[in-house]
Amino acid sequence: MKEDRLGKILTVGGAILTAVFCLAPIGVMVLTALAGRPDFLRPEVPLAWTVDHLRAVLTSEAIHFPEYLRNSLLVSAASAVVAVFLASLAAYALTRMSLPGRGALLLLILAVSMFPPVSLVGYLYRIMASIGWINTYPALILPYVAWTLPLSVWILVSYFTRIPRDLDRAGLIDGCSRLQILLKIIFPTAAPGIFATLLLAFIFAFNEFLFALMLTTDYSARTVPVGIALFQGLHGQTPWGEIMAAACLTILPVVLLALFFQRRIVQGLTRGAVKE
Amino acid sequence: MKKTSFHIDRETRAGIGFLAPLLLCLIGLILVPVAGTIATSVFRDVPYLPKTFIGAANYVSLLNDPAFWRSLMFTLLFVLVSVPLETVFGLGIALVLNQVFAGRGMLRAAVLIPWAVPAAVSGRIFELIYNYSYGAANRMLALLHMEPANWLGSASGAFLGVVAADAWKTTPFAAIILLAGLSAIPEDLYRQARVDRAGTFQRFFRITLPLLRPVLIVTLLFRTVDALRVFDILYVLTGGGPGGATTSLSLFGYRYFSAGDFGYASAATVILFGIAFLLSLVYLKLGGFSREIR
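Sequences listed follow chains A and B, in order.
Quick note: to get our numbering, add 1 to the position in the first sequence (first position is 1).
Quick note: to get our numbering, add 19 to the position in the second sequence (first position is 1).
These are computed hints drawn from the structure, not numbers from a lab.
Given the structure is predicted, the values throughout are model-derived calculations rather than measurements.
Backbone N, C-alpha and C fix where the C-beta goes; we use that ideal spot for every residue, glycine too.
It is possible that some hints are incorrect.
[Stated by the list, open to error] Derived, one-sided and incomplete: chain A residues facing chain B with beta-carbon distance under 7 Å:
1) Pro144
2) Ala147
3) Pro226
Chain A with its partners taken away, still in its complex shape (with noise of 0.2 Å):
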């Protein structure tokens, strides 16, 4: 039929631009990140290749980017254990108790992820500064756990209801409390549920730029992502090949993540949002 070459051309050629629309950039940082020069792609520049950038980023005592890689994974790892146990705490209790405005609630929950984080930075950083607190790790980890609690009760109530209540009745009966149901029951049931709004939580904190810019000074708290945004050369060029190999090796640890568990993070996300 005419109609199915047409849908079949149309596909292969929509695969063939999406995968050069969504790699071509990354290509370009890891070409950078490994030419002699960052002006590579001129006809007349011979190309050369090296792990001298790289090896700068991982060793310059100057660029601090270990250190600011290590801040990253401190606190988006702990404000994503944080945010996904009070989350699933509060799921229990929106898809397991009786409770009075259930649906505003969520909604509320919800609404509150709508704000611009500009509008409460201000004010968080004088919070922040009154406590001695500005350029620590909870200075962030804070903020970051309320900020992905919204979506994260959302895709764990997506996940809670889907779990029988007879298993909650079960444990009941067998005299536990809420949170032994919670723990040893929900918790191993909904362990797909909960591993993929853990990871999505990370994920959130890791790419979080405006709270770590305003709340951090230097390297003893400062993310990797406000460390690669102020990456400013020593001589006044921009030193590309460094900042490239420095993205290059701040992607790795999330990009890793998304393909590795690829399923998990589309199931999450979607589950946030769409209604099955």
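Here the structure of chain A is known, so what remains is to put chain B in place on it, guided by the hints.
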């Protein structure tokens, strides 16, 4: 069974206990700061001067500030251009990913990569791509025998540049959500439409689009709220320039916060917050979500 008495039963009390940490976090770390910002917006609040109540004076100054109007216009134009663009591209990618072909799993993984990259990092990558003398964008123009463009140095070039960079980072999100919506449409409908000799385009406009409407509205809502508060990519890629041409309201507010003018910055972000709130209401109304959540 509904209880009619005022007495709160044990179950409800336990439920409130489970919700308490979440509510405390949201109130203490989001609602209190937002309320504080709203309160600050009616004060003159600058370093070395006593904090004084000045009523709506900050808002009046904002309305007389051409830089504020420019950043408001930029923000709205950015939403108006980038959200439809990303949604249409996202729908295109979702339609492709919904087909069966070799390598589909790999392509789905590839689509997740831009989504997972921090916007600050993608900002730096695009800054390099737009480099006048050796960036990939101008090298491509050179291959097509076209003049190099001054991407970040001109107002229109910078606008196109940030829209394209933002589209790279956020189109995958739209595609992923829309793909989930597409795969929820029953295959039988399409089969029946083929029997009835409905063409590709008819099937798309008569079946796919109407059934995708709720998911489309959710995608548009998320993307609109996100685009309204655009900050990271601008801070990194253009710094709001050239000459303030790409300063979003978030960036405008941030500049005044970091300069220490808390009253003025607060008033600007309250206006941004108001716009986000109104647009969310419009979408919620369009989508009829109040009915869906039981």
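Comparing the hints with the structure gives:
{"no.": "1", "hint": "Pro144", "result": "6 Å, holds"}
{"no.": "2", "hint": "Ala147", "result": "4 Å, holds"}
{"no.": "3", "hint": "Pro226", "result": "4 Å, holds"}
The earlier numbered hints are all upheld by this structure, with none contradicted.
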